[in-house]
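Asker: In case you want the letters, here they are:
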Amino acid sequence: AQSVTQPDIHITVSEGASLELRCNYSYGATPYLFWYVQSPGQGLQLLLKYFSGDTLVQGIKGFEAEFKRSQSSFNLRKPSVHWSDAAEYFCAGILIQGAQKLVFGQGTRLTINP
Amino acid sequence: NAGVTQTPKFQVLKTGQSMTLQCAQDMNHEYMSWYRQDPGMGLRLIHYSVGAGITDQGEVPNGYNVSRSTTEDFPLRLLSAAPSQTSVYFCASSARDQETQYFGPGTRLLVL
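So the sequence lines, in the order shown, correspond to chains E and Y. Position one of the first sequence corresponds to residue 1 (the working numbering), numbered consecutively onward. Position one of the second sequence corresponds to residue 115 (the working numbering), numbered consecutively onward.
Hints are supplied without guarantee of correctness; some may be wrong.
Which stretches of chain E does chain Y cover? Using the computed rule of at least three CB atoms under 8 Å from a CB of chain Y, they are [said to hold, decoys possible]:
1. 28-42
2. 46-56
3. 105-111
I should point out that these hints are in silico values taken from the structure, not numbers from a laboratory. Values in this document were obtained by computation on a predicted structure and should not be read as measured data. All C-beta atoms in this analysis are idealised placements derived from N, C-alpha and C, irrespective of residue type, glycine included.
Generate the whole structure from the sequences, applying the supplied hints.
Answerer: Right under this line is the structure:
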């Protein structure tokens, strides 16, 4: 079945440390992939997206993600996290070409230790 | 632009009651959708619309109705609320052929 999976439900990192959030997809072709962030009690904000071309995409707030077709992955990274990055992060994909139905991963909750 | 707006922000219902969650966007987007968010399950698509007068079911449509009489509005109706519909509901919109969806702030619904 076509799906997006985030293996880590909860991750804790120290402020200033690097971060990598994992995302895997299951789809026969290249999907459109997105990372969204949700602060407590808020809606979803788009961090970055990948459609085609350069496999390393830059987003807002210092985040980047790399699309790896061989691993069916689209991991989110940040070299140095700030306390304000504490939030829930969702990976999502459009897995049917021509449709606009987003399929979401389960989300990863990020906690930052001071 | 206000973007995507949703009302109400919070709602408590009793089992069997009906209500409508409102969603409006001022970006002239053709595509609108409703998602529900439950712990550990991410967001799941309930219904979507690719334009005025056109709606279709998503992953979890049971218990919900939608209509799209105008480009701007896409209300979600619960005809007979059930405790299983306790959730946070998000509306989103996007332009035709633009895959990026913009989300509203959400409606938190509690069904007792």
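Asker: Are there three or more residues in the stretch 46-56 of chain E whose C-beta lies closer than 8 Å to some C-beta of chain Y?
Answerer: holds (count 3)
Asker: Does the stretch 105-111 of chain E contain three or more residues whose Cβ lies closer than 8 Å to a Cβ of chain Y?
Answerer: n = 3 at 8 Å, threshold three: holds.
Asker: Do three or more residues of the stretch 28-42 of chain E come closer than 8 Å to chain Y, measuring C-beta to C-beta?
Answerer: It holds, with 4 qualifying residues against the three required.
The structure meets every hint from the earlier list without exception.
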